[in-house]
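Could you build all of it, start to finish, from the sequences and the hints given here?
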Amino acid sequence: MLFQGWSGPARTVLVGALAYVGLVVFLRVSGKRTLSKLNAFDLVVTVALGSTLATILLDEKVPLAEGLIAFAVLIGLQFLVTWSSVRWKLWRRAVRSEPAVLVRGGEPLPAALRRERITEGELLSAVRSAGGREIAEAEVVILESDGTLTAILSSSRG
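All residue numbers for the sequence shown refer to our numbering, where the first residue is 17 and numbers rise by one.
Watch out, some of these pointers could steer you wrong.
[Said to hold, decoys possible] With beta-carbon atoms standing in for the labels, derived distance ranges:
| # | residue 1 | residue 2 | range |
| --- | --- | --- | --- |
| 1 | Leu18 | Glu160 | 24 to 34 Å |
| 2 | Leu80 | Arg108 | 27 to 37 Å |
| 3 | Arg49 | Thr28 | 28 to 38 Å |
| 4 | Ala70 | Ser23 | 12 to 22 Å |
| 5 | Pro25 | Glu155 | 53 to 63 Å |
| 6 | Arg109 | Val156 | 28 to 38 Å |
| 7 | Leu96 | Glu160 | 18 to 28 Å |
| 8 | Val156 | Gly32 | 42 to 52 Å |
| 9 | Arg108 | Pro25 | 57 to 67 Å |
| 10 | Gly21 | Ala116 | 48 to 58 Å |
| 11 | Arg112 | Leu74 | 27 to 37 Å |
| 12 | Ser170 | Thr28 | 32 to 42 Å |
Simulated from the structure, these hints should not be mistaken for lab results.
What you are looking at is a predicted structure, and each value in this text was computed from that prediction instead of being measured.
The C-beta atom is built at its ideal place from N, Cα and C for all residues, glycine as well.
Structure follows, in structure tokens:
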């Protein structure tokens, strides 16, 4: 059905605006770390917040109050996980991945590439993004905790 009346769109606008304001308030109160992309866990929370917002907007069975509680639960859990990871090394290792060196001294490290499932083409792309032309020009290429590749070119290149 294309259109069922004005009550649906009116609810979407009203609840959407209120849910958006609620989410912004929760994010401002919780701090910058809530939506960071430092690791996979952070990405999951960001996606879950977006999914929750979409559900609040589009599912008439979900009251605004329950949606706001869902935001608070997700952000509260994110706060607890990050707060704990700053204080306890064992917890930090459980929820965060460590950066991995994939190239050292211009030489790819095959075992690290296999373990992290990174191709030499992806390494080359990172090197080119840093201004290099070939992997041999990289002093080091690191797979960061957030999944990005960082290439540091050798100062003796060229």
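Hints, verified against the model:
Taking the beta carbon of each, Leu18 and Glu160 are about 47 Å apart, not inside 24 to 34 Å as hinted. As the Cβ distance of Leu80 to Arg108 is approximately 36 Å, the hint placing it in 27 to 37 Å holds. Look at Arg49 against Thr28: about 31 Å separates their beta carbons, and that is inside 28 to 38 Å. Against the hinted window of 12 to 22 Å, the Cβ-Cβ separation of Ala70 and Ser23 comes to about 19 Å, which satisfies the hint.
For Pro25 and Glu155, the Cβ-Cβ distance of about 57 Å falls inside the hinted range of 53 to 63 Å, so the restraint holds. The hint said 28 to 38 Å for the Cβ distance between Arg109 and Val156, and at roughly 22 Å that hint is violated. Between Leu96 and Glu160 the CB atoms are about 24 Å apart, so this pair conforms to the stated range of 18 to 28 Å. Between Val156 and Gly32 the beta carbon distance is about 46 Å. The supplied range of 42 to 52 Å therefore holds.
For the pair Arg108 and Pro25, the beta carbons lie near 46 Å from each other, so the given range of 57 to 67 Å is not met. Against the hinted window of 48 to 58 Å, the Cβ-Cβ separation of Gly21 and Ala116 comes to about 55 Å, which satisfies the hint. At roughly 33 Å, the beta-carbon separation of Arg112 and Leu74 lies within the given 27 to 37 Å, and the hint holds. About 55 Å separates the C-beta atoms of Ser170 and Thr28, a value inconsistent with the hinted range of 32 to 42 Å.
Violated hints, listed in ascending order, are 1, 6, 9, 12; each of the other numbered hints is respected by the structure.
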